[in-house]
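A.B. asks: Letter by letter, the chains look like this.
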Amino acid sequence: AQSVTQLDSHVSVSEGTPVLLRCNYSSSYSPSLFWYVQHPNKGLQLLLKYTSAATLVKGINGFEAEFKKSETSFHLTKPSAHMSDAAEYFCVVSDSGNQFYFGTGTSLTVIP
Amino acid sequence: GAGVSQSPSNKVTEKGKDVELRCDPISGHTALYWYRQRLGQGLEFLIYFQGNSAPDKSGLPSDRFSAERTGESVSTLTIQRTQQEDSAVYLCASSLRSSAHYEQYFGPGTRLTVT
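Order-wise, the sequence lines are chains A and B. Quick note: the first sequence uses the working numbering, first residue 1, plus one each step. Quick note: the second sequence uses the working numbering, first residue 1, plus one each step.
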């Protein structure tokens with residue numbers, strides 16, 4: 001069975017400080033992992049993905065994530081938050097690529 | 001180029017009525033997915049189509065839900081005898097293939113409200 005747990009439903013950071021959004025996954029096989037962002041009134045957009053290549057994955061807008069098999073984690077980070085980063089973030093796992101399992105989301109607030 | 005489009009953008013219906021939601025995928029994308037997003041929750045997989053293969057319906061919550069796709073084009077999600085718990089945003093996504101190596105492109109969603 002596959003699932004993801006996003007450990008924080010809300011994260012609040014000050015502009016210019018680091019961002020950490022946590023995700024743990026459960027998967028029977030070698031998973032593919034993704035982070036998506038959903039801005040208010042906009043569609044979901046892929047930030048980055050891990051599909052068994054380099055464990056440190058760089059995405060758009062300065063985000064990156066590290067796949068840690070021993071910890072079954074795929075946390076999303078960014079060195080310096082920008083106001084435009086305020087959005088809902090979803091961690092996603094897929095074993096086969098046929099079904100994708102979304103976490104419940106983390107709402108990121110950036111304080112000016 | 002054109003992205004994934006969905007219609008209607010909003011739908012309000014009375015309990016017990018049937019509704020049909022439409023998804024136009026990106027041209028050339030063989031895989032198409034339907035998801036449901038309840039308020040404050042993540043996306044719940046409903047069904048996916050890959051080319052002309054039989055669809056994977058394992059995520060459909062009840063037999064009131066059905067979906068069709070003609071070839072590699074438009075898909076419709078039908079909900080019969082709607083219930084209030086069906087109220088949600090229904091999202092459609094398409095990708096070149098049903099593989100984790102291919103990005104899913106999401107439509108803007110249809111917000112369904114059952115009164």
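Errors might be hidden in some of the hints.
Stated by the list, open to error - Chain B regions said to be covered by chain A (calculated; three or more residues, Cβ under 8 Å):
(1) 61-67
(2) 95-108
What the hints assert, rightly or not - Which chain A residues stay away from chain B? Per the calculated CB distances, all over 10 Å, these:
(3) GLU15
(4) GLU66
(5) ILE111
FYI, nobody ran anything at the bench for these hints, they're computed from the structure. Beta carbons: idealized from backbone N, C-alpha and C, even for Gly.
A.B. asks: For each hint, tell me whether it holds in the structure or not.
C.D. replies: Hint by hint, here is what the structure shows:
Here the stretch 61-67 of chain B counts 0 residues with a CB under 8 Å from a CB of chain A, which misses the bar of 3, and the coverage is violated. Given a C-beta distance limit of less than 8 Å, the hint that chain A covers the stretch 95-108 of chain B holds, as 11 residues qualify and 3 suffice. Distance to chain B confirms GLU15(A) as a non-interface residue, since its nearest Cβ pair spans about 25 Å, more than 10 Å. With a closest Cβ-Cβ approach of about 18 Å to chain B, GLU66(A) is found to remain outside the 10 Å limit, as its non-interface label requires.
The Cβ of ILE111(A) sits about 22 Å from the closest Cβ of chain B, beyond the 10 Å cut-off, so the non-interface label holds.
Hint 1 from the earlier list is the only one contradicted by this structure; the remaining hints agree with it.
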